[in-house]
Each structure stands twice: as structure tokens, then as C-alpha cells.
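Engineer: Sequence:
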Amino acid sequence: MSQPRESKNNFIQNMESIESNDSCADVGNHRRFQSVDHGEAQENTPDNILKRSKSTAKQSRPKSSSRRKGSSRRKKENAATLMYDQNQAAEEIIGKFQKIDQKFFIRNEDCHSVSAQIAGYKKRGSRNKTEVYYDFYSAMHSLTTLAPSDKIELLSAAVRKSAGTVCLRIVRQKSGFMGMTTKYFLYDDTLNTFIVNAKKMTKNRTSNYLISSEKNVFDKNKESYAGKLRSNFGKSKYLIYDNGENVERNKNIGVEQARCELGFIAYNIEGANQNGTRAIVAAIPKLNENHSPVTFRQLKKQDSISYLYGAGCTDELYLFENQAPYWVKDKYCLKFSDRVKKSSIKNFQLIKKDKERKKGEIGEVFFEFGKISSNEFTLSFKYPFSIMNAFSFALSAFDK
1 MSQPRESKNN FIQNMESIES NDSCADVGNH RRFQSVDHGE AQENTPDNIL KRSKSTAKQS
61 RPKSSSRRKG SSRRKKENAA TLMYDQNQAA EEIIGKFQKI DQKFFIRNED CHSVSAQIAG
121 YKKRGSRNKT EVYYDFYSAM HSLTTLAPSD KIELLSAAVR KSAGTVCLRI VRQKSGFMGM
181 TTKYFLYDDT LNTFIVNAKK MTKNRTSNYL ISSEKNVFDK NKESYAGKLR SNFGKSKYLI
241 YDNGENVERN KNIGVEQARC ELGFIAYNIE GANQNGTRAI VAAIPKLNEN HSPVTFRQLK
301 KQDSISYLYG AGCTDELYLF ENQAPYWVKD KYCLKFSDRV KKSSIKNFQL IKKDKERKKG
361 EIGEVFFEFG KISSNEFTLS FKYPFSIMNA FSFALSAFDK
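So for the sequence shown, the UniProt record's numbering puts the first residue at 1; every next one is plus one.
Certain hints may be false.
With a straight-line Cα cutoff of 25 Å, these simulated PhoX-like cross-link-like pairs (lysine-lysine) come out [said to hold, decoys possible]:
1) K341 x K358
2) K353 x K199
3) K235 x K300
4) K237 x K203
5) K355 x K342
6) K400 x K200
7) K237 x K346
8) K400 x K352
9) K358 x K335
10) K342 x K358
11) K237 x K220
12) K220 x K199
13) K342 x K400
14) K342 x K329
15) K286 x K215
16) K251 x K300
17) K183 x K199
18) K346 x K183
19) K215 x K199
Pairwise CB distance ranges (calculated) [stated by the list, open to error]:
20) S292 x K335: 32 to 40 Å
21) W327 x N221: 22 to 30 Å
22) S236 x D189: 25 to 33 Å
23) G234 x K359: 24 to 32 Å
24) S337 x S292: 42 to 50 Å
25) R205 x S373: 29 to 37 Å
26) S236 x A147: 17 to 25 Å
27) E361 x N252: 49 to 57 Å
Derived from the structure by calculation, the hints contain no laboratory data.
These numbers were taken from a predicted model, which means no experiment stands behind them.
We put the CB at the ideal spot given by N, CA and C, even for glycine.
Using the sequences and the hints given, assemble the complete structure.
Structural biologist: Here is the structure:
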């Protein structure tokens with residue numbers, strides 16, 4: 001990175017007064033960058049070891065004091081200049097990323113390009129002592145500072161392809177008489193940051209899970225209300241709604257205030273699999289050119305995702321199905337990630353629905369839900385899912 005010569009010279013002069021074991025200032029929330037020694041790099045990198053071994057014979061030769069001073073001065077300048085360039089580069093990249101940190105999931109192409117730059121700085125060369133660690137979970141800390149409405153927008157947006165597989169954790173909490181009151185808390189594994197929670201509401205004709213962005217606050221009239229998951233009478237179909245108004249209950253609301261459907265999941269609506277295991281199908285809105293999901297407002301029955309799926313009108317939907325298990329040694333098996341620790345009927349994976357896929361062929365996993373312990377579960381997903389989609393699909397498994 002090119003910088004004015006004067007600023008570099010000032011930086012070099014300041015560095016001469018710093019002891020060789022000092023470290024650079026901390027940048028944001030990132031790891032400290034270790035300084036370079038005045039004589040040579042502190043780390044025993046392969047290049048440094050090779051360099052020392054080749055110069056062993058030369059070190060025994062007498063050198064003039066002027067030559068030693070000149071060599072030492074050049075090494076100090078080179079080391080200080082290298083540190084200057086590395087820290088300036090790191091600060092620039094981190095500064096760019098912080099500007100879009102709170103919109104990591106939102107429709108912004110800069111997310112991908114900056115992530116690529118960050119990934120490039122993870123590679124360490126023989127002369128590059130700077131390490132930058134930044135990934136999906138580093139953006140999670142912003143959830144604790146966002147306003148409820150902004151946080152809900154973040155939860156409903158699809159994760160970027162550059163985020164890869166997102167690994168989260170669900171904690172189930174039972175309370176009340178016979179454990180009738182059940183809450184579900186979603187955390188990220190790395191920072192243990194609270195993301196969103198849900199509560200199964202009682203006194204409803206069908207299963208109803210209220211989803212909130214504020215911990216232990218479950219009220220539709222609050223700003224933290226993110227939406228809900230609702231089943232039909234037979235618990236075979238589940239729809240995800242955002243925090244909009246129900247048109248059937250309030251005929252006077254405007255179109256923009258009407259609630260939207262964010263996804264649909266169904267169990268055995270087309271019959272169980274041939275091997276007797278349950279069959280799961282799911283659908284979420286496709287993303288348009290701006291990476292925003294297609295809007296499905298339930299103004300009438302024909303606008304519902306479940307109705308469109310049943311009618312075969314799926315052009316604006318991403319379709320998924322569960323990965324079918326295979327028979328091994330008198331039982332059905334399904335290969336899960338190492339995060340899933342216990343077998344359970346609730347465990348399932350979603351792959352893209354493909355009529356041309358051969359029987360028993362394994363597809364790419366876009367969603368995985370599995371049991372860790374009695375009240376702890378793992379949730380993994382990737383593009384084009386949002387946190388709201390994935391969390392709601394996991395809630396449906398608890399209801400089975």
C-alpha cells in the first residue's frame with residue numbers, strides 16, 4: 001500500500017524508540033498484531049531459519065563498526081516499514097468491513113468482495129506477519145447493539161454465500177406444570193451471543209410459536225416481535241409469518257401492513273418414503289436480483305406458499321426435501337456432521353428437491369438440525385436460508 005514518504009519516515013523514527021518485544025496497538029476487536037524485532041522477525045519462520053543457517057559462516061567474520069551500524073539501521077527501517085504497511089492495510093480492510101458489519105446479511109455486494117479481501121489476509125507469507133481473523137460470527141456481536149426493528153431485518157435476510165455454513169445452537173427450556181411452558185433460545189457457538197428466541201403459545205387451536213428478537217419478551221405488541229410459526233390442525237404443515245398484520249382479522253389494514261409468509265415446511269403430505277421413514281418438503285421465497293426475497297402477502301388463500309406448492313406453482317420458490325436415510329445393519333442411518341451427538345427422530349437434513357436425483361444419491365446439505373444433549377440442539381444452514389427460515393424449520397421438528 002503506497003503511503004506518503006514523510007508519514008513513513010515519522011513512523012520509522014517513532015519505532016526506533018520502541019523496545020523489540022512491544023506489540024502494536026489493538027485494532028477494533030481483532031487480535032493484536034505482533035511487532036517485528038529490530039534485527040529480524042521474532043518468529044522462527046522457515047525463511048528465517050534458512051537465512052540464519054546460510055549466514056552462520058559469515059557471522060564469524062569481523063565487521064567494521066560502521067558496517068554494523070549501517071546494516072542495523074537498514075534492518076530497523078525495513079522492519080518498521082513492513083509493520084507500517086501491514087497495519088495500514090489491516091486498518092483499511094477492517095474499516096471497510098465495519099461499515100457493513102451490521103448489514104452482513106443484507107443485499108450488499110460489498111460483503112462478498114470485502115470478505116474475499118479478509119480471506120486473502122489470512123494467508124501468511126514469509127514476509128507477512130499480519131494475521132486478520134474475521135468471519136461470519138464476528139458480525140454476530142452487532143446483534144446486541146441493534147434496535148429491535150433493525151435486528152428483525154437482519155434475521156429475515158438471507159445469509160451471503162461468502163458466509164459458508166452457519167453453525168448455531170438451540171437451547172430448550174421447559175418450565176411450568178409438567179413442562180407445559182417451553183422456550184427456545186438461539187445462540188451462536190463462537191461468541192455465545194443471543195440471537196433470537198421463541199415460545200410455544202398455549203390456548204391456541206393449533207401449534208403456535210411466537211418468535212421474538214428480545215430475550216424472554218413474547219408480546220405481539222412489542223417492537224421485538226419478529227413473527228411466528230403456525231401449524232395446521234394435523235401438525236403436518238407449518239407456515240412462517242413475519243410481524244405484519246393478519247388480514248383476516250383486520251380488513252381495514254393497508255397492503256404494506258399485511259403479514260408476509262417467509263417459508264413453508266410439511267411432513268408426509270405426499271406420503272412417507274418407500275422405506276417407511278418420514279418425508280419432509282420445505283419451501284422458501286426465491287431471492288431477486290437485489291438479493292431480496294420474493295414477497296408473499298397472504299391477502300387471499302391463493303397467495304399462500306403452501307397453496308402454490310400444492311398447485312405446482314413453484315417458479316418463485318426454492319424447494320427442499322429431507323435427505324433420505326439408508327439401511328445399514330438392521331437400521332436406517334443418515335450421515336450427520338460431527339456437531340450432532342445423539343440420534344433422534346427430530347434430526348433431519350434438507351437438500352434441494354430434484355426429480356432427477358437417483359434413489360439413494362446424496363445431495364448437498366443446505367440445512368441440518370440435530371440433537372447434542374437432552375435440551376441442546378445444533379442448527380446449521382447456508383445460503384439462501386435466513387436465520388428466521390432456519391430457526392422456524394427447527395421449531396417445527398420440536399412439535400413432532
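Engineer: Taking the hints in turn, state whether each one holds.
Structural biologist: Now for the hints, and whether the structure bears them out:
Between K341 and K358, the direct Cα distance comes to roughly 29 Å. Violation of the 25 Å bound is thereby established for this hinted pair. Between K353 and K199 the alpha-carbon distance is near 30 Å, which puts this suggested pair outside the 25 Å criterion. As the CA atoms of K235 and K300 are separated by approximately 22 Å, the hinted pair is consistent with the 25 Å bound. For the hint linking K237 to K203, the alpha-carbon distance of about 19 Å falls within 25 Å, and the restraint holds.
Proximity of K355 to K342 is assessed by CA-CA distance (about 31 Å); at most 25 Å being required, the pair is judged violated. Of the supplied pair hints, the one linking K400 and K200 holds, its CA atoms being roughly 13 Å apart against a limit of 25 Å. The hinted pair formed by K237 and K346 meets the criterion: a straight-line CA distance of about 16 Å does not exceed 25 Å. Using a Cα cut-off of 25 Å, the hinted pair K400 and K352 holds, with the two alpha carbons roughly 22 Å apart.
Distance hint between K358 and K335 is fulfilled; the C-alpha atoms sit about 18 Å from each other, no more than 25 Å. For the hint pairing K342 with K358, the CA-to-CA distance comes to about 28 Å; that exceeds 25 Å, so the pair is violated. Our distance criterion of 25 Å between C-alpha atoms is met by K237 and K220, whose separation comes to about 23 Å. Taking the CA atoms of K220 and K199, the gap is near 12 Å; set against the 25 Å cutoff, the hint holds.
Straight-line distance between C-alpha atoms of K342 and K400 comes to about 17 Å, which keeps the hinted pair within the 25 Å bound. Pair hint K342 plus K329 holds up; C-alpha atoms about 18 Å apart against a cutoff of 25 Å. For the given pair, K286 sits about 30 Å from K215 by alpha-carbon distance, which is inconsistent with the 25 Å threshold. A distance of roughly 12 Å separates the Cα atoms of K251 and K300; the hinted pair therefore holds under the 25 Å criterion.
Restraint check for K183 and K199: satisfied, since their Cα atoms lie roughly 4 Å apart, inside the 25 Å limit. For the hint linking K346 to K183, the alpha-carbon distance of about 17 Å falls within 25 Å, and the restraint holds. For the suggested pair K215 and K199, the alpha carbons sit about 11 Å apart, so the restraint of at most 25 Å is met. Range check, S292 to K335: about 34 Å between beta-carbon atoms, so the 32 to 40 Å window is met.
The beta-carbon spacing between W327 and N221, approximately 51 Å, falls outside the hinted interval of 22 to 30 Å. A hinted range of 25 to 33 Å holds for the C-beta pair S236 and D189, which are about 32 Å apart. Distance hint check: the CB atoms of G234 and K359 are about 28 Å apart, consistent with the given range 24 to 32 Å. Range check, S337 to S292: about 30 Å between beta-carbon atoms, so the 42 to 50 Å window is missed.
A beta carbon spacing of about 32 Å between R205 and S373 agrees with the range 29 to 37 Å that was offered as a hint. Separated by about 37 Å at the C-beta atoms, S236 and A147 break the suggested range of 17 to 25 Å. As the Cβ distance of E361 to N252 is approximately 52 Å, the hint placing it in 49 to 57 Å holds.
The earlier numbered hints that this structure contradicts are 1, 2, 5, 10, 15, 21, 24, 26.
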